[in-house]
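Peer 1: Below, each chain spelled out in residue letters.
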Amino acid sequence: MAEICYEVVTDACPSSVYESTPAHSRRRPRFQTVMHEDWEKNCKRSKQEALATRYSSIPRSSREDFSDQNVDVSSPRYGVSSVCGRRREMEDAVAIHPSFSSPKNSEFPQHYFGVYDGHGCSHVAARCRERLHKLVQEELSSDMEDEEEWKTTMERSFTRMDKEVVSWGDSVVTANCKCDLQTPACDSVGSTAVVSVITPDKIVVANCGDSRAVLCRNGKPVPLSTDHKPDRPDELDRIEGAGGRVIYWDCPRVLGVLAMSRAIGDNYLKPYVSCEPEVTITDRRDDDCLILASDGLWDVVSNETACSVARMCLRGGGRRQDNEDPAISDKACTEASVLLTKLALARNSSDNVSVVVIDLRR
Amino acid sequence: MRSPVQLQHGSDATNGFHTLQPHDQTDGPIKRVCLTRGMHVPEHVAMHHTHDVGPDQCCSSVVQMIHAPPESVWALVRRFDNPKVYKNFIRQCRIVQGDGLHVGDLREVMVVSGLPAVSSTERLEILDEERHVISFSVVGGDHRLKNYRSVTTLHASDDEGTVVVESYIVDVPPGNTEEETLSFVDTIVRCNLQSLARSTNRQ
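In the order they appear, the protein sequences are chains G and U.
The numbers in UniProt numbering rise by one with no breaks, and the one at position 217 of the first sequence is 217.
The numbers in UniProt numbering rise by one with no breaks, and the one at position 134 of the second sequence is 134.
Hints were generated in silico from the structure; no laboratory data involved.
Heads up, a few of these hints could be off.
In silico DMTMM-like links for lysine to aspartate or glutamate, alpha-carbon gap of 20 angstroms or less [claimed, not checked]:
hint	chain 1	residue 1	chain 2	residue 2
1	U	LYS146	G	ASP250
2	G	LYS270	U	ASP186
3	G	LYS134	G	GLU276
4	G	LYS220	G	ASP283
Output of the computed footprint for chain G on chain U, the stretches with three or more beta carbons under 8 angstroms from beta carbons of chain G [what the hints assert, rightly or not]:
hint	segment
5	107-114
6	182-188
Since the structure is predicted, the reported quantities are computational estimates derived from the model, not experimental observations.
Beta carbons: idealized from backbone N, C-alpha and C, even for Gly.
Construct all of the structure, not just a fragment, from the sequences and the given hints.
Peer 2: Encoded structure:
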């Protein structure tokens with residue numbers, strides 16, 4: 001695995017990301033293999049399973065009827081790419097749960113997407129992948145939450161997730177964890193969490209840490225989250241107000257240790273490192289797509305560049321054709337996520353990279 | 001119930017510490033700092049936690065009470081070859097010289113992600129099985145803590161538990177202050193000693 005990832009880094013260069021040369025095409029299959037392996041590690045369902053579900057939930061003969069309505073009741077189109085990159089361990093995790101809080105074919109489907117970037121070990125991010133969407137589902141009071149209700153739902157879910165990983169750490173560490181069984185070091189493991197719930201009329205984003213959600217609207221980036229860096233003025237004030245401090249070691253770090261000011265877990269740095277998410281709720285309009293990604297992408301790719309790449313892959317940002325095969329935009333999203341991942345590696349990202357691209361065109 | 005953790009800093013020169021002026025020292029005074037001053041500890045413990053601090057250096061100690069007998073705690077602390085049994089932040093450790101049981105042995109520690117360090121090469125300086133003293137110095141690696149030396153001692157507390165004292169001395173990295181350096185290292189040491197308390201109580 002590491003050799004393949006390294007080979008990709010060696011072969012790639014920024015200009016080749018945009019060229020459609022035969023050499024580029026020949027490299028793609030190998031990269032896809034990497035994607036597939038990593039994708040399976042991070043998603044509960046395999047790609048084929050996802051496609052089968054999508055087809056079975058929308059009989060072809062009835063799609064035209066659905067497309068006549070303003071409400072998009074089909075499953076979301078999305079692509080995922082998640083790679084170890086230059087780091088030795090994979091500590092990112094991705095969770096995707098279409099129609100997670102309502103029956104399939106509901107008139108008001110809500111789709112869940114999450115990217116979790118672990119640090120110290122992988123088990124907190126893995127736990128978030130397994131549990132956070134269920135906690136959100138439990139906290140939802142109705143299908144039609146208003147803005148305040150969404151904030152409460154997300155804040156309570158994140159707090160419960162944080163408590164779960166802390167109390168879980170006090171018990172015996174499971175064999176799935178990469179930590180040795182002898183190591184009780186769960187106090188010092190944590191994860192970011194950037195979560196989006198997409199409804200027919202709204203995009204809800206809850207963020208804790210330095211992963212990021214960016215909406216592409218008419219080809220322009222609209223940030224739906226703000227990175228929790230310790231030197232962000234309001235974060236610095238909050239940390240110092242709690243009696244902590246931010247020390248510039250190689251970059252701003254809480255107590256000189258952690259380079260983000262909010263995270264799930266990291267109990268030893270509480271209360272300075274908070275698990276409270278910042279929540280944004282955005283009305284859907286004529287949007288292109290939503291990109292959720294870990295800082296392995298955002299550290300080396302700007303919001304503008306990411307939007308340009310994604311829009312290009314989604315057929316130049318044109319409106320989705322009425323009878324477009326779902327597999328086509330699904331493939332376009334996957335290509336966008338793969339291209340973005342590859343671009344990050346080409347720009348020498350030194351971290352795991354995880355990218356989710358969600359087609360929001362109606 | 002979480003054990004109390006005490007901190008004692010050695011950065012206050014007005015606190016009555018002795019100042020020595022060696023003949024060959026030309027760039028400032030060396031302060032002799034006793035980090036267990038004010039505590040009732042055995043004489044050998046006080047000696048091991050006394051450091052000669054040069055200019056651009058700092059030292060500190062962290063104290064952890066553990067409700068377990070010293071022999072139980074020592075079984076974990078003495079493992080120079082396997083610090084992961086109680087220390088956080090270690091992804092991998094291997095002995096690269098000797099067997100981990102003798103002064104002069106070296107270990108290579110790889111650090112977990114998220115921290116401002118990658119690796120640390122550490123030399124065993126003291127391993128006193130009778131008096132429960134272990135010490136290591138950092139002689140290389142990818143990190144900013146130059147000339148770091150740590151000493152950990154265990155002694156019996158009055159209530160049949162163990163008093164763990166870990167002190168260290170280290171250069172203040174360029175661009176940082178003494179206070180910042182102490183804050184950073186104390187956080188790491190405190191987290192490790194709290195983990196040691198949990199590990200021992202779990203057995």
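Peer 1: Confirm or reject each hint.
Peer 2: Taking the hints in turn, this is what the structure says about them:
1. For the hint linking LYS146(U) to ASP250(G), the alpha-carbon distance of about 15 angstroms falls within 20 angstroms, and the restraint holds.
2. For the suggested pair LYS270(G) and ASP186(U), the alpha carbons sit about 15 angstroms apart, so the restraint of at most 20 angstroms is met.
3. This hinted pair checks out: LYS134(G) and GLU276(G) have alpha carbons roughly 18 angstroms apart, not beyond 20 angstroms.
4. The suggested pairing of LYS220(G) with ASP283(G) holds, with an alpha-carbon distance near 16 angstroms, which does not exceed 20 angstroms.
5. Given as covered by chain G, the segment 107-114 of chain U passes the check, having 3 residues with a CB less than 8 angstroms from a CB of that chain where 3 are the minimum.
6. Here the segment 182-188 of chain U counts 4 residues with a CB under 8 angstroms from a CB of chain G, which clears the bar of 3, and the coverage holds.
Figure legend: structure checked against the earlier numbered hints; every hint is met.
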